[in-house]
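Here this note's numbering is used: the first residue of the sequence shown is 110, the next is one more, and so on.
Treat the hints loosely; a few may be bogus.
Computed cross-link-like contacts, DSSO-like style, restricted to lysine-lysine with a CA-CA straight-line distance of at most 30 Å [what the hints assert, rightly or not]:
no., residue 1, residue 2
1, Lys-824, Lys-812
2, Lys-483, Lys-464
3, Lys-561, Lys-483
4, Lys-569, Lys-258
5, Lys-222, Lys-352
6, Lys-738, Lys-937
7, Lys-874, Lys-905
The set of hints was computed from the structure by calculation and includes no laboratory data.
Quick caveat, the model's predicted, so the values are computed rather than measured.
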Amino acid sequence: MFYDHQQIEKKWQKYWEENQTYKTSNNTDKPKFYVLDMFPYPSGAGLHVGHPLGYIASDIYARYKRHQGFNVLHPVGYDSFGLPAEQYAIQTGQHPAITTEQNINRYEEQLRKIGFSFDWSREVRTSDASYYKWTQWIFIQLYHSWYNKDTDKAESIDSLIQHFEEKGTEGLNANQNDELNFTSEEWKNASDIDKEDILLNYRLAYRAETTVNWCPALGTVLANDEVKDGKSERGGFPVFQKKMMQWSMRISAYSERLLQGLNTLDWPQPLKDSQEYWIGKSQGAQVQFKVEGHDETVEVFTTRPDTIFGATFMVLAPENPLVETITTDAQKVEVDTYIEETSKKTERDRMSDVKNVSGAFTGSYAVNPFSNEKMPIYISDYVLMGYGTGAVMAVPAHDERDHRFAKKFNLEIKKVVETEEDVQEKSFDSKDSVCVNSDFLNGLHYNEAKAKMISEIEAKGIGHGTTNYRQRDAIFSRQRYWGEPVPIYYKDGMPYTLPTSALPLGLPEVEKYLPTEDGDPPLGNAKEFAWDEANQKVVATDLIDDKTIFPLELSTMPGWAGSSWYFLRYMDPNDEETFVKKELADYWGQVDLYIGGSEHATGHLLYSRFWNMFLKDRGYISHDEPFQKLINQGMILGMSAFVYRIDGTNQYVSKNLAKDYKTQQIHVDVSLLKGTSDELNTEAFKAWRPDYADAEFILEDGKYITDREVEKMSKSKYNVVNPDDICEEYGADGLRLYEMFLGPLEQSKPWNTQGLSGVYGFLKKFWNLYFNGDVFEVSDEEPTKAEYKVLHTLIKKVVYDIENFSFNTSVSSFMIAVNELQKIKCNKRNILEPLAVIISPYAPHICEELWSLLGHGTSIEFEKFPALNEDYLVEDEIEYPVSVNGKMKFKISLSAQLSAKEVEDLVISNEKMQQILEGKTPKKIIVVPHRIVNIVI
């Protein structure tokens, strides 16, 4: 019977949509299971075949769990704020909302074609005001919270105010920007503005001067992962380090909990390692060094206080405020020039550039508090203001970077840890040796020396032992248009939150999406964007009088704001009273399976964990961690095609002749190749782009052969394969099976369209098991033991594979089972019904159609997954190969219940064996039960 995949798939996609087959109920006595894909950003290019890989895997798992009787939440939505739509708006004037809507419609059309079992009724979009109302609400909760180190959680700012009123800062143990000291009387007597200023020091969302990656061309601050080699990832514009007043999130308060929480998660180890490194916990001491001729001191954090006698110079971060104070007139030009150069590098670039050594001398000296020796103070880009104190005591004998710096600037290198190595030539960094040249530490090992030095530092009153974290607070404002407005207005220069009744604070209309002429963010172009405090509403900007009508915050939230809590909104997507009802958050709990790319390790996955912990602290949800199990899917790689252009010409030479010429390798669109070959369609190439219209070709055997290479699939490499084309030709079920068949989920693997013919052939064979010619024919006759064995072997393998996410080996097992059933001409209902259920998570359309033909009036989706009966896997008979002197002579079928001795006796008495023996007695007989018989004569 002809397998018409197009007709079948359209029919069932329509059925699922009309019947809302995958709509999930919150009211059920079934156990829950929450399967989620990482939030897609709807780009203009739409999906290529690499994108659905993780979605297909999660969909198979979601369908399998439904078959197991779980109430499965498997939603979809869009992380729809983002820079690409804004850039397009700047270029064309088209509102980002229009671009985003078009992109989402395209994505949704493509996703529906692949047959995903998403609950579309729960779709959320971060750029919808009904969604970002709650993102703004969470921001307000963060603003009105502080972190109490004694209770180790976030609490309402009211409890902090109460502490100040009763005791001032006495006994306060809080996360803060600066350590403040005041009495309850001083707090009570402070003005309202001073009180607000003090509270900003403790709030979890706060405003402070921060060093940021500023991109003048884009007019915005960029996150570290949006900057590459000192340029913006989007557009390649120069990026500078700049101090700006910015909103920040106090994620640093959660560093220890974020670190400890990793132990409870079933995540890939490399991903956990990334977060652990990013958080960067280290234990050591905070120490103050006096600066000669100045009142200021340089405070450093060091993990090796035991090496303080070997500290021979100091290095400050170029942006450290002390630099301006302590730089001498003679060194000012050199220092200012160096600071200007450093501002062109991002912190990430500075951290990763370990080979280049640079710096400038400030002209000032610190005094080593233990050796009393003078230490020249330098600045260098390898010291970061955000880590520790923005200053290091340099111990060149025992730190590789300090050693390179000392060699470059000819500074003293002093050994203080025992080693045979010549520390003048190479640093020796070890915790296994003992201290030398270190006065009262001499002879002590690392742990003893460290503890002794910390107690001496504390005794001198110049510091204390402490734990430090590399992770800094997350900058939360962006100078962009297309993002969530921050619900803040300014009164007397201080920020105040809007009342929650005024939410959402909508994005205003603007004439242009660029910063204003005064350098304000794009929202500064809005005519209706001021806060009327008396009437509690947004009014025209020209009414601002700073008495009753005040300016609103002009920055918007970063891209990660909306994606830091979306998994909670799916639980209760249409609630207008709260972001998620507590009872629904308690029912759905953690995401049980989260699938997405590893590139989100230190962005989205950290911020989501932070917001989740905060919401738990404040009593809105009950679970500590958002994602219990996480899988990073690999990439599907494209097979790029290249032509070779002879330098200085518009001549293109075929691959195998290119070695004879000086050429440039150029990507060409894979659609310009003939069929599935490597041959270029030269006429199509000439028509592709105007600059190729008069191209000339040097051919081999009358053909232009392109070079091919496996690379990341991307639009810029012209190697993208559109899933729509694959669904058209091979069907969505073919696409789903092939993507899983390519290899293990976590590995990257190359795409090859030719490989689809194999899975398509399998689908046709599977389809035809249910037909006799063109007639649907299934027998109600009881299956044979052999038929049950094929079925239950498959059940055992598929259950193991799905639960271990080995989807590729399941597809192989389907092929083996269908081949075996075809060979024995099986058409029994008791085999073919469960077979359709087993394959349906992978190929849902064909299985729905077969289920319907089998006489069922309901979807296959909620049928119970077939139970394994191990009895069918027990062999009745074993076919033993009989080997004589190492050569296989014949096979004999014997009962599986026989002992080794009984097998031996039956083999020896067998007629064929008697002929081989010719009356001789075997020297040796070896029976491997259920496997083989070896005889030596």
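Do the hints match the structure? See the list:
Pair hint Lys-824 plus Lys-812 holds up; C-alpha atoms about 26 Å apart against a cutoff of 30 Å. Restraint check: the Cα-Cα separation between Lys-483 and Lys-464 comes to about 28 Å, which is no more than 30 Å; the hinted pair holds. Under the criterion of a C-alpha separation no larger than 30 Å, the hint pairing Lys-561 with Lys-483 is consistent with the structure, at around 23 Å. With a CA separation close to 27 Å, the supplied pair Lys-569 and Lys-258 stays within the 30 Å bound.
Taking the CA atoms of Lys-222 and Lys-352, the gap is about 49 Å. The hint is violated against a cut of 30 Å. Restraint check for Lys-738 and Lys-937: the C-alpha separation of about 39 Å exceeds 30 Å, so the hint is violated. The suggested pairing of Lys-874 with Lys-905 holds, with an alpha-carbon distance near 22 Å, which does not exceed 30 Å.
This entry does not satisfy hints 5 and 6, going by the numbered hints stated previously.
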